[in-house]
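Let the hints inform the model, and build the full structure from the sequences given.
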Amino acid sequence: MEKFDYIIVGGGPASRILNKYIHFFHKDAKTAVFREEERIVNHCGTPYIVEGEIPWEKGLIKEEIVTRWGTPIIVEKVVDGNPEEKYVLTEKGNKYYYDKLIFATGTDQIIPDIPGKDLKNILKVRKTVDLKETMKILEGINNVVVLGAGYIGLEFAVSLKNMGKNVTVIELMPHVLGGRLDDKYISMIEEHLEEKGIKLLTGKKAVKFIGKEKVEAVELEDGTKIETDAVLSAVGVRPLTDYAEKFGLKTSKNGIVVNEYFETGVKDIYAIGDCIETKHFVTGKPFPGKLGSNAGQMARILGLNFGGIKRPYEGVINATVTKVGDIAIANAGLTEKDAIDNGFEVITGYGESTCMYVNMPNHKKVYVKVIYNKENLQFIGAELIGKFNPAGFIETATQLILMKANLYDVIGYHYSSHPELTPKTSHPYFAFASEEVLKKLIKDKRIP
1 MEKFDYIIVG GGPASRILNK YIHFFHKDAK TAVFREEERI VNHCGTPYIV EGEIPWEKGL
61 IKEEIVTRWG TPIIVEKVVD GNPEEKYVLT EKGNKYYYDK LIFATGTDQI IPDIPGKDLK
121 NILKVRKTVD LKETMKILEG INNVVVLGAG YIGLEFAVSL KNMGKNVTVI ELMPHVLGGR
181 LDDKYISMIE EHLEEKGIKL LTGKKAVKFI GKEKVEAVEL EDGTKIETDA VLSAVGVRPL
241 TDYAEKFGLK TSKNGIVVNE YFETGVKDIY AIGDCIETKH FVTGKPFPGK LGSNAGQMAR
301 ILGLNFGGIK RPYEGVINAT VTKVGDIAIA NAGLTEKDAI DNGFEVITGY GESTCMYVNM
361 PNHKKVYVKV IYNKENLQFI GAELIGKFNP AGFIETATQL ILMKANLYDV IGYHYSSHPE
421 LTPKTSHPYF AFASEEVLKK LIKDKRIP
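The UniProt record's numbering numbers the first residue of the sequence shown as 1 and each following residue consecutively.
Just so you know, these hints were derived from the structure itself, not from any lab.
A hint or two may mislead.
To be verified - List time: in silico DSSO-like cross-link candidates among lysine-lysine, alpha-carbon distance up to 27 Å:
| id | residue 1 | residue 2 |
| --- | --- | --- |
| 1 | K136 | K95 |
| 2 | K323 | K161 |
| 3 | K246 | K86 |
| 4 | K253 | K77 |
| 5 | K127 | K184 |
| 6 | K365 | K337 |
| 7 | K30 | K20 |
| 8 | K374 | K439 |
| 9 | K165 | K3 |
| 10 | K404 | K439 |
| 11 | K117 | K58 |
| 12 | K132 | K365 |
| 13 | K136 | K117 |
| 14 | K124 | K92 |
| 15 | K30 | K62 |
| 16 | K267 | K127 |
| 17 | K440 | K337 |
| 18 | K161 | K214 |
| 19 | K95 | K337 |
| 20 | K117 | K30 |
| 21 | K387 | K374 |
| 22 | K100 | K165 |
| 23 | K132 | K92 |
| 24 | K117 | K214 |
| 25 | K117 | K208 |
| 26 | K20 | K95 |
| 27 | K225 | K161 |
| 28 | K161 | K184 |
| 29 | K337 | K253 |
| 30 | K225 | K205 |
| 31 | K310 | K100 |
| 32 | K30 | K100 |
| 33 | K267 | K95 |
| 34 | K165 | K117 |
| 35 | K20 | K120 |
| 36 | K27 | K365 |
| 37 | K439 | K337 |
| 38 | K199 | K165 |
| 39 | K117 | K212 |
| 40 | K77 | K120 |
What follows is the structure, given as C-alpha cells:
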C-alpha cells in the first residue's frame with residue numbers, strides 16, 4: 001500500500017504550481033502527481049509548435065518542475081476511488097491512499113458531434129500524442145478548415161497560413177471572437193485576417209464532415225461544401241470530470257462545483273483549474289474562465305490555504321491576451337456586451353494612443369476602451385488592441401478591477417513613462433480613455 005500526504009491528479013500548470021507551494025510550506029510532504037500522458041505539451045504554445053517557431057522538445061514541459069521536489073510523476077489514469085477510505089484507483093488497478101486529494105484535470109478539445117466526426121484528418125491538438133500526429137498530417141496537405149474563430153482558432157489559422165496552407169475559418173457567430181469585443185476592434189481583426197489571405201466564413205454552421213476515409217469537405221447548413229484536406233476543431237473545450245461521480249463530486253456543464261476555498265463538499269477533496277466551474281469576479285455568476293493563467297492563480301491561492309494562510313478565491317477577472325497575425329488583443333473584466341447581458345447599465349470611454357512616444361520612430365497606434373458601471377462608476381472592463389505588447393497594461397487594468405476602482409481612481413492611477421516603452425505622459429491608456437467618461441459626466445452634470 002502506497003500513501004501520500006497529497007495526491008494531485010492532472011499534469012497542467014495548476015498541478016505543477018500547487019505541488020511547488022505545498023513544498024514551500026511543508027518541506028517533507030509526500031506528494032504525487034498523476035497524469036495520463038508520458039510527456040505534457042505547453043497548450044498555449046501549440047500553434048507555435050505546429051508552425052515550427054517553437055521546436056518540439058522546447059514545447060514540452062520539463063519533468064524537473066515536478067520531480068525536483070521529490071515528487072513522483074505516476075503515469076496512470078485515475079478512474080475510481082473511495083473518499084471514505086481515502087484512496088484513488090487507477091486504470092491499471094493500482095490503489096494509492098491520500099490525506100488530501102486535488103483534481104486539476106483540465107479540459108479536452110471538443111470535436112463537433114456531427115456526421116463524419118470519426119473521419120481521419122479531423123485534427124486534435126490537446127494531447128501530446130495527438131499533436132504529434134497532427135503535425136505529421138500537416139506536412140503532406142495544403143488546405144485546412146478551422147472550425148471556430150475564438151482565440152485558439154484564430155491563432156492556429158495564422159500559424160497554418162504562415163506554413164503556406166490555404167486556410168478557411170468557419171464560425172457560427174456573425175463575427176470572430178464571438179463578436180464580444182468592441183465592434184470597431186472586431187472589424188480591425190477581421191480585416192487583418194483577410195489581408196493575410198485567410199478566408200472567413202462567419203455566421204455559418206458546419207453540419208457534416210464529408211469523405212470516404214479522410215475528411216474531404218465540410219458541409220454547411222445552407223448546403224455549401226468547403227473542400228479541405230483536414231479540419232482543426234477550435235469550437236471550445238470541455239472540462240474533464242468523468243471521475244467526479246465516483247467520488248461524489250457535484251458538477252455542472254462548466255466543471256466541478258467548488259466553494260471559494262476550492263473545497264468540493266467531500267472531505268479532503270479539492271479541485272482547481274480548468275476542470276472547475278468558476279464565477280466571474282464582477283458578476284458573481286458562472287463564467288468559463290478556462291485559461292492557464294487563471295489555473296495558476298487558483299493553484300497559488302489553494303497553496304496558501306494549505307500553508308495555513310486563509311484566503312478565498314473571489315472569481316475570474318479573465319485577463320486575456322492574444323496575438324492574431326501582427327495585431328495584439330487584450331481584455332479584462334467584462335466587455336460592454338457582456339456587461340449589458342448581465343444587467344448593467346454602462347458608460348464607456350475610448351482612447352487612441354501609441355505604443356511609445358509619438359515623436360519616436362516606429363511608434364504604432366493603440367486603441368483603448370474602458371467600461372464602467374454607470375450606476376456607481378465602478379471600473380468593470382477594459383480592451384486594448386494594436387501592434388504592441390499589451391500584457392503588462394491589461395494586468396494593470398485587472399488590478400484596478402480587483403480593487404473595485406471607480407472612475408476617479410482610474411484617472412489618478414500611478415503609471416510609468418519612457419519614450420521607447422510607454423505612451424507619452426499625457427496619454428496613459430486607461431486614464432486617457434477614462435477622460436472621455438469624465439467629460440460625459442460633466443456634460444450631463446453628474447459630477448458629485
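Verification of the hints:
Between K136 and K95 the alpha-carbon distance is near 37 Å, which puts this suggested pair outside the 27 Å criterion. Distance restraint check for K323 and K161: the Cα-Cα separation of roughly 14 Å lies within the 27 Å cut-off, and the hinted pair is therefore satisfied. About 12 Å separates the Cα atoms of K246 and K86, which keeps this hinted pair within 27 Å; it holds. Distance restraint check for K253 and K77: the Cα-Cα separation of roughly 22 Å lies within the 27 Å cut-off, and the hinted pair is therefore satisfied.
Restraint check for K127 and K184: the C-alpha separation of about 36 Å exceeds 27 Å, so the hint is violated. Between K365 and K337 the alpha-carbon distance is near 24 Å, which keeps this suggested pair within the 27 Å criterion. Of the supplied pair hints, the one linking K30 and K20 holds, its CA atoms being roughly 12 Å apart against a limit of 27 Å. Of the pairs offered as hints, the one joining K374 and K439 holds, with about 14 Å between alpha carbons and a cut-off of 27 Å not exceeded.
Simply put, K165 and K3 have alpha-carbon atoms about 51 Å apart, too far for the 27 Å limit, and the pair is violated. With a C-alpha separation of about 21 Å, the suggested pairing of K404 with K439 holds against the 27 Å cut-off. For the suggested pair K117 and K58, the alpha carbons sit about 31 Å apart, so the restraint of at most 27 Å is broken. Taking the CA atoms of K132 and K365, the gap is about 39 Å. The hint is violated against a cut of 27 Å.
Among the hinted pairs, K136 with K117 is consistent with the structure: their alpha-carbon atoms are about 20 Å apart, no more than 27 Å. The straight-line distance between the Cα atoms of K124 and K92 is roughly 25 Å, inside the 27 Å bound, and the hint therefore holds. Restraint check for K30 and K62: the C-alpha separation of about 20 Å stays at or below 27 Å, so the hint holds. Restraint check: the Cα-Cα separation between K267 and K127 comes to about 31 Å, which exceeds 27 Å; the hinted pair is violated.
Restraint check for K440 and K337: satisfied, since their Cα atoms lie roughly 20 Å apart, inside the 27 Å limit. The suggested pairing of K161 with K214 holds, with an alpha-carbon distance near 21 Å, which does not exceed 27 Å. Note on K95 and K337: the hinted pairing is violated, with a Cα-Cα distance of about 49 Å set against a maximum of 27 Å. As the CA atoms of K117 and K30 are separated by approximately 43 Å, the hinted pair breaks the 27 Å bound.
Under the criterion of a C-alpha separation no larger than 27 Å, the hint pairing K387 with K374 is inconsistent with the structure, at around 31 Å. For a cut-off of 27 Å, the pair hint linking K100 to K165 is broken: about 48 Å separates their Cα positions. Straight-line distance between C-alpha atoms of K132 and K92 comes to about 25 Å, which keeps the hinted pair within the 27 Å bound. Restraint check: the Cα-Cα separation between K117 and K214 comes to about 10 Å, which is no more than 27 Å; the hinted pair holds.
Pair hint K117 plus K208 holds up; C-alpha atoms about 8 Å apart against a cutoff of 27 Å. For the proposed pair K20 and K95, the alpha carbon gap of about 24 Å is at most 27 Å, so the pair holds. Restraint check for K225 and K161: satisfied, since their Cα atoms lie roughly 21 Å apart, inside the 27 Å limit. For the suggested pair K161 and K184, the alpha carbons sit about 24 Å apart, so the restraint of at most 27 Å is met.
Restraint check for K337 and K253: satisfied, since their Cα atoms lie roughly 23 Å apart, inside the 27 Å limit. Between K225 and K205, the direct Cα distance comes to roughly 11 Å. Compliance with the 27 Å bound is thereby established for this hinted pair. For a cut-off of 27 Å, the pair hint linking K310 to K100 stands: about 17 Å separates their Cα positions. Note on K30 and K100: the hinted pairing holds, with a Cα-Cα distance of about 11 Å set against a maximum of 27 Å.
A hinted pair counts as satisfied when its Cα atoms are at most 27 Å apart, and K267 with K95 qualifies at roughly 19 Å. Note on K165 and K117: the hinted pairing holds, with a Cα-Cα distance of about 22 Å set against a maximum of 27 Å. The straight-line distance between the Cα atoms of K20 and K120 is roughly 40 Å, outside the 27 Å bound, and the hint therefore fails. Annotation: proposed proximity of K27 to K365 is violated, straight-line Cα distance about 49 Å (limit 27 Å).
Proximity of K439 to K337 is assessed by CA-CA distance (about 22 Å); at most 27 Å being required, the pair is judged to hold. For the proposed pair K199 and K165, the alpha carbon gap of about 11 Å is at most 27 Å, so the pair holds. For the hint pairing K117 with K212, the CA-to-CA distance comes to about 12 Å; that is within 27 Å, so the pair holds. Distance check on the hinted pair: K77 and K120 sit about 26 Å apart at the alpha-carbon level, within 27 Å; holds.
Checked against the numbered hints above, the structure breaks hints 1, 5, 9, 11, 12, 16, 19, 20, 21, 22, 35, 36 and satisfies the rest.
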